[in-house]
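There are 4 protein chains.
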Amino acid sequence: MMSNTFGRILRLTTFGESHGPAIGGVLDGFPADISIDFNRIRHQLARRRPGQSAVTTARTEADEPEFLSGVFEGKSTGAPIAFLIRNADKRSTDYDELRQVFRPGHADETYTAKYGHRDHRGGGRSSARETANWVLAGALAAHLLPDVRVMAYTCQIGDIRLPADAVFSPDDIDKYPTRMPHPIASSSAEELIADLKEQGDSVGGKVAVRVIGLPAGLGEPIFDKLHARLAHAMMTINATRAFEIGSGTRAASMRGSEHNDMPADSQTFATNHSGGVLGGISSGRELAFEVTFKPTASIAKEQKALDAEGNVVDLAVRGRHDPCVVPRAVPVVEAMTWLVLADFYLLNRIHTLY
Amino acid sequence: MMSNTFGRILRLTTFGESHGPAIGGVLDGFPADISIDFNRIRHQLARRRPGQSAVTTARTEADEPEFLSGVFEGKSTGAPIAFLIRNADKRSTDYDELRQVFRPGHADETYTAKYGHRDHRGGGRSSARETANWVLAGALAAHLLPDVRVMAYTCQIGDIRLPADAVFSPDDIDKYPTRMPHPIASSSAEELIADLKEQGDSVGGKVAVRVIGLPAGLGEPIFDKLHARLAHAMMTINATRAFEIGSGTRAASMRGSEHNDMPADSQTFATNHSGGVLGGISSGRELAFEVTFKPTASIAKEQKALDAEGNVVDLAVRGRHDPCVVPRAVPVVEAMTWLVLADFYLLNRIHTLY
Amino acid sequence: MMSNTFGRILRLTTFGESHGPAIGGVLDGFPADISIDFNRIRHQLARRRPGQSAVTTARTEADEPEFLSGVFEGKSTGAPIAFLIRNADKRSTDYDELRQVFRPGHADETYTAKYGHRDHRGGGRSSARETANWVLAGALAAHLLPDVRVMAYTCQIGDIRLPADAVFSPDDIDKYPTRMPHPIASSSAEELIADLKEQGDSVGGKVAVRVIGLPAGLGEPIFDKLHARLAHAMMTINATRAFEIGSGTRAASMRGSEHNDMPADSQTFATNHSGGVLGGISSGRELAFEVTFKPTASIAKEQKALDAEGNVVDLAVRGRHDPCVVPRAVPVVEAMTWLVLADFYLLNRIHTLY
Amino acid sequence: MMSNTFGRILRLTTFGESHGPAIGGVLDGFPADISIDFNRIRHQLARRRPGQSAVTTARTEADEPEFLSGVFEGKSTGAPIAFLIRNADKRSTDYDELRQVFRPGHADETYTAKYGHRDHRGGGRSSARETANWVLAGALAAHLLPDVRVMAYTCQIGDIRLPADAVFSPDDIDKYPTRMPHPIASSSAEELIADLKEQGDSVGGKVAVRVIGLPAGLGEPIFDKLHARLAHAMMTINATRAFEIGSGTRAASMRGSEHNDMPADSQTFATNHSGGVLGGISSGRELAFEVTFKPTASIAKEQKALDAEGNVVDLAVRGRHDPCVVPRAVPVVEAMTWLVLADFYLLNRIHTLY
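Protein chains in written order, with numbering that gives the first Met the number 0: chain A, 0 to 353; chain B, 0 to 353; chain C, 0 to 353; chain D, 0 to 353.
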């Protein structure tokens, strides 16, 4: 796996800069003869789209994909599926002053160190606009596991947490602009975000994922464990800071007798500290992990920043940015999960010959 | 990258089961003409070796490696470096009863689901004995970055944390059997571990890593970010539950104005919430991350377990196990860090032609 | 390397079907800060373009590429370079009768066996139209080796061979519609091709390549030898039947004392039976190899063919086809050579640290 | 795929120098639950072993492999299969004078250019001793395709060719020391080889391969065609000069109407110019290709050679060398064929979901 390609059997190669003509990708290794549900793809892109609610950025993109290959008469052919999403609402001039200034918490400084020459407009290749490619590809990948359900939702924004006893169905998640499926918690979070927007500030949060119906045996021993690749996938998402499988950081304080999941019968366990993975391989029980996002780095509040000459300058980042990336990150987390799972699913077809 | 191979340019391929004749590996992509310090390698293996102190397992292994290729007259040749570590202290009969029983928190169940046929003795391929291969290879990788210092240490065992204001040098770490470099904290942790051993129980913890002297520009955009690959590497280590870069899970509660690292001058920042990585690429400042380990799953205390027929049985795991894996995990975390950094270092030589 | 991706450091991923909306590709791993000569790219595409002379197919394509990413202000940024070439002159109805008939010498039969569902129009993904992607990418790759000259030319068409003592410069090659740089041989070949076109038949041939200025040290030992990867690259080109390095098939009849290239001095050798490669690695002397192409499989003459039910049917392939693919294969061979050489050049930067 | 690893799903990683302690390899991706026939492996190693007849080198190696992992109770476990072959009959002092002299037709010069520092003894890593690893791994790979028969044999030595109408069964091949299955042709070749040995000279030749029972659908479109990977595999074998699929170089002189294989019925074709591959994918008919080997470069006859300072010196290569590598290359060609076919077979399990 290299920089702009993800996966081993199902391989997504992407391209595109925030303010270039288009972003897009090539999904290779997709099996033949699968009917493609284009509405499902559009629906997922709409869930990620900026401008969808009061809690997100005002930049709008139609995000209408063009499919260029790999699908014939509505079904996949086994050839690579290539797609394009044109960039529409570009305000590159918003970024002119950023040609020589490194925004705090952004890749401006490190891309310059690495490449010398870079497209500075809107972060160029490092922009989260790239995640639209992943959402599209993830929606394709989901076609390969029709019996699996991936449920991603916001479980924390700032200090506001989804109550541990919250009861909700997958369909409830999108009823809340924060994607935190609880009326009181979500309202509080919306208020918090509105306040911070007012102040030109931002806040972090967490996304939780639960996967139901995953077959046992997915994941590879040693260097390609299911949770290792999920960690890799999640840490590729812009602004992530932590990955936790099952018990996560809480495991540090626990006893073995408390942490080992005890069976009541062959299907039932009182706890899921393993997160559905044992030795890097899915157990067939619920897969559960969490991803932490930092607060949006682009804030209107004035900050100190370095410029290309190493001077400290004052900077208030203009442009249109989410005060909290978590609600729109939910479909991105979901998409990366699909890409990982579908890849392992295909890879798993070769471990025994029967 | 596939199951038993790690890295893209510097590639480690490993093999071996806990109770087979030997474990070993092949390190490919290692540049030519590097003088190899074999004492450095043996020293790192000794740091990982079981039986080194009261807080670790009583299983002892001489762990004397045999080098089979790739080094000629004391220097690397560019050919793959192959090495073997024979398994000496095997008590396979300890494991006879485990042929049909799946130990809680272990890979027994999932390997059976995936492969049908497995070497059940001591976990076979899934045993942490494999990490000796990584420690050896990591010590080789370290030769490629002579100006970089990787410092790994225990920062939490159970509820006992290394004080935030602890001051210590790299040489202090191994003075403490827990590798938590603080006299009071380490003593408390030793006591806790002794108590748990007595009770046939175990406890989790955390390892912190700080890397000094890393050049800017390591890491690749999009799917091969430095912290994504570090996350991947750390989650391949047995018993890990969480990976946190910089601010980690704390970022969820923070404001952008608080989280963005502010420059005082071109070299000095008051905080390191980025953990030394921006947009997936090293900034040239200190790299900082933490890894959470679960409590050892193999405990003497009686637990419920599943057998191969799906029945719930009582199980007290015999054999010799660390009540807390964290102290011996420290050199493993360090080794995986070296493998990641050296690989990116080599990869980075191709991004510009000058 | 997988199906639709070529290379390890410089990686080309392609997509597109002959009669779909577009073909295109993503070239990843291209170093930053290289000024791109778009005229050079267009010139190479024009050399491959159908309809350029009497000896080629009448299908015409403007083949005007659109660049979507990776180039900013005329220079590469290190981000993947994505490009599109729209399909213009599609006469899909020419292919309607081929939905259920397998053209002899074509992939129709095997794609159906492999995938079940396929885009049958013009060969779909298996069409040589794909080679336009390679020519474009090869022209980009050539930017990385400014001091190297790749010279490809026709050395045989049917039984007509380029005389062994032919003297010509690189600029002479394109003066001949056959790209066989010799007035008499080329005229004979043109006549032969005209005759065969008349008869609805076709003929094979050979392309020779000589590379001047290649540095020593390119190629990797064992499984990634320079000539092994060149062989791989050449055998990916549609209609190729043989790859020969240096002495090629003639070596079978030779003595060792005759075959070993003898030095006159450190730079001068009387023969080049090695073809510029020793042990899989370039010697710094002229690289020389040949590629054999079969006669075009699509001929107007009536032939026997299988249909999807296994019946033998009569078939005269309609559509517009080159009676000899060799002249237009020359820039394709050249492009694949560039992709291989540039990849090894980048890879070679990591074998020693100085 | 990188230098010392071959394959994508079934991946062989090898190591070892001719005069180091051992050679060996790791075969990863081998499915679980396959009973291993160790006699079959030993038999193939014996076929490659030096010193087996008058036509081969006098160097003898017991070549008794040690298996270190991946097999438990006689069956594969899905873990990597590691093996070692100790080097026994090393006469390193034969090579002392070669430390500073580059043997013509060998990798001495190019390894020095690439790596600076090398193990010069017996060619080190570039020695054909490495092929013992391939033969072993190939014999393992053959377990995955029990219904396929790979038949490799000598079809040319010097100007002596196997008659086109020779009739023989697979079992006949090893009855001839030349592995050219024809009494007269083989006797002539033996005489030729004996003469050349006397003269301190050597000769080239060709190996033909026919594969029966291969399923349709193996091979991947575009960059991973079955014959492209076979070409790659064959050109990795020491001393190979040419790869020809089906009609090979003869295709250059042929007409399309003559070259296209015409069906008599759904199973029967009068010719096999395609060599069993269409569009890079197996048709299910006989796979047929040929590999050309150059004459052994190490000859006792005095030759001119370069030394490390660029001087021309006289050199008569001492040591024990085959005057013709072709007979012992037969099992090597066969092994590489198995590695390619088994890899594609596993890869092919993922192209459709049913």
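What the hints contain is simulated information worked out from the structure, not anything from laboratory work.
Hints may contain errors.
Claimed, not checked - Derived lysine to aspartate or glutamate pairs resembling DMTMM-like cross-links, with alpha carbons at most 20 Å apart:
1) K303(B) - E257(A)
2) K303(D) - D264(C)
3) K303(A) - D95(B)
4) K196(C) - E257(D)
5) K196(A) - D146(B)
6) K74(D) - D95(B)
7) K196(A) - E301(A)
8) K196(B) - E257(A)
Tell me the numbers of any earlier hints that the structure contravenes, in ascending order. 3 and 5
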